[in-house]
Amino acid sequence: MNDSNALYQDAIKQMAQAAHGHGQLDSASGEARLDNPLCGDRVRMQVALEGARIAAVAHQTKGCLLCRAAASLLGARAPGQDAAAIEAVAGELDAMLKGAAPGPAAWPELAMFIPARAYASRHRCVLLPFRALQAALGKVGAGATANAAENHGEIKGAL
Amino acid sequence: MNAAVSALRGQFPLLAAAPGMHYLDSAATAQIHGAALDAVIRHETTCRANVMRGTYALAEAADRAFDAARHSVARFLNAGSAEEIVFTAGATAALNLVAQAFGNTFQAGDRVLISVAEHHSNFVPWQMLRERTGIELALIPVGADGVLDLTCLLELMGSRCRLVAVTQCSNVTGAWTDVAAIVAAARQAGARVLLDGAQAVQHGPQDVRALGVDFYAFSGHKCFGPGGVGVLWGRAELLAAMPPFLGGGGMIGEVTPALTTWAAPPQRFEAGTPPIAQAVGLAAALEWMMTLDWAAIREREDALCRQLIAGLQRIPQLRLLGPVAAAARAPIVSFDIPGLHPHDICQVLDGHGLALRGGHHCAQPLLAALGAEACTRSSIALYNDEADIQALLDGLAEARRTLL
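Protein sequences appear in the order of chains V and S.
Numbering-wise, numbering that gives the first Met the number 0 puts 119 at position 120 of the first sequence, and it's gapless, one number per residue.
Numbering-wise, numbering that gives the first Met the number 0 puts 329 at position 330 of the second sequence, and it's gapless, one number per residue.
Treat the hints as calculated values from the structure; they're not laboratory data.
The structure displayed is predicted, hence computed values, not measured ones.
For each residue, glycine too, the CB sits at the ideal point set by N, CA and C.
Do not take every clue at face value.
Claimed, not checked - Label-pair ranges, simulated between beta-carbon atoms: (1) 236/S to 36/V: 50 to 58 Å; (2) 349/S to 99/V: 43 to 51 Å; (3) 97/V to 257/S: 53 to 61 Å; (4) 37/V to 19/S: 45 to 53 Å; (5) 103/S to 8/V: 51 to 59 Å.
Unchecked claim - Within a straight-line C-alpha distance of at most 20 Å, the following computed SDA-like cross-link-like pairs (lysine to any residue) qualify: (6) 61/V to 402/S; (7) 61/V to 70/S; (8) 12/V to 350/S; (9) 138/V to 49/V; (10) 12/V to 349/S; (11) 61/V to 100/V; (12) 138/V to 12/V; (13) 12/V to 117/V; (14) 61/V to 350/S; (15) 61/V to 403/S; (16) 61/V to 36/V; (17) 61/V to 368/S; (18) 61/V to 17/V; (19) 12/V to 240/S; (20) 138/V to 79/V; (21) 12/V to 368/S; (22) 97/V to 79/V.
Said to hold, decoys possible - Covered stretches of chain S, as calculated for chain V (at least 3 residues, CB under 8 Å): (23) 333-343; (24) 386-396.
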């Protein structure tokens with residue numbers, strides 16, 4: 000059993016509902032689409048850079064409240080950051096979810112996900128938008144969408 | 000609690016120890032019956048030895064237990080003989096065995112017909128076979144209620160259909176497949192039929208001869224047995240004509256540097272040490288199942304299914320997936336509530352002692368065909384009662400209050 004009221008606090012619901020950054024960019028420097036194969040959640044993330052800094056992000060997120068809240072938070076906070084900062088925040092968030100780490104000091108709002116610590120199956124929900132943004136940043140200049148980066152093969156063919 | 004259900008529940012160690020739990024995820028894994036657990040422990044503590052190899056008394060005892068398990072499975076399925084029973088690691092392994100051993104005899108241009116409603120375990124192996132051999136893969140569509148649409152069955156089979164591989168009932172909608180219609184059409188087209196019985200076996204013993212199919216696959220963990228064991232039943236003449244899938248010990252006639260010959264079925268398909276204690280535990284579960292009054296159990300499961308569907312239909316905007324009539328489905332009920340993600344719903348329900356699964360249920364093509372990305376699934380088994388259903392309906396009301 001769990002304390003779902005602690006998890007589904009207003010901060011998470013409001014952040015998900017705000018859907019900061021939801022949409023599409025006219026011109027993206029890089030983009031990626033990541034799926035959570037456990038549940039089918041999907042994040043398509045686009046990023047536009049000015050020099051090394053993120054000028055804008057846009058995402059299309061189909062997922063649970065935790066996933067949508069994390070994507071929305073990125074939509075609000077990622078502009079102005081660079082790839083190294085995003086990687087650092089993602090790493091600190093991962094550590095916060097896995098253990099007793101306090102979470103990224105620079106992004107205190109991420110503390111809203113602390114109640115998700117107890118549910119390992121939900122960590123990927125929170126991290127999926129971050130992984131999608133990291134993949135999009137890694138694809139800058141590549142001109143192609145990185146689909147399902149966690150997959151190592153695929154079967155194609157019309158039925 | 001209903002006295003009959005209460006007595007049944009007490010026979011499941013986990014449920015007996017957790018009286019407040021509302022376990023509604025038996026389509027994923029049914030709880031293990033005490034007799035199955037006891038059989039595993041008894042085997043491992045009194046008969047543990049490898050099979051088909053030793054001549055000492057302990058090994059002979061292990062051989063006898065393993066053989067007896069094969070006979071129990073044969074009785075549960077009304078198979079022609081125990082030699083038609085192949086122990087595998089699960090239903091997925093059994094389905095892959097057919098795709099490899101039987102499927103590898105197919106030629107480019109031959110056709111395999113599956114359905115949109117298949118679990119990925121009866122979908123992906125055929126896509127992989129298509130990659131290996133150049134077969135054609137065709138799909139039986141589903142109607143809006145998730146029931147297989149068999150109106151164009153013969154056209155879909157075409158002239159070179161070798162196999163129709165379909166689920167006995169959907170793991171998402173619970174919709175039963177009209178197996179008789181598929182078998183009749185397959186016979187007309189000269190094709191064989193593989194039935195994925197993973198979801199059917201927890202609702203009673205099966206009769207593969209009455210079903211008229213050629214292969215039948217299921218898992219032990221879905222019929223109150225241990226995990227890690229499954230079964231492929233195949234007609235003796237088909238198994239005898241099939242090459243092995245895995246090579247190794249136990250499946251050979253003779254090995255020389257130049258040539259290896261195969262053992263007869265079922266050993267031909269059981270390379271390496273099989274899941275011995277798990278098979279013994281599975282047999283105990285099946286023997287227990289064969290003592291039950293399944294007409295009464297089905298009546299009770301159907302009543303719970305109707306109670307659940309009636310309650311769900313009162314929830315605003317809720318979309319029920321699958322047929323409405325309880326008789327058209329196994330007691331598996333999936334639904335979608337716009338604005339509420341299944342993961343979030345299941346998380347809230349867990350807080351109320353309810354175990355349900357949300358997601359795509361390893362059936363992404365079916366969900367796409369039904370226009371859903373994910374859904375929440377409730378699956379009812381013989382140890383569930385009205386209190387479980389009411390707890391679910393109350394929990395959903397709470398989920399709406401918490402999440403909206």
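Handout entry: Numbers of the earlier hints that this structure fails to satisfy, in rising order
Key = Failing hints, ascending: 1, 2, 4, 7, 11, 12, 14, 19, 21, 22 and 24.
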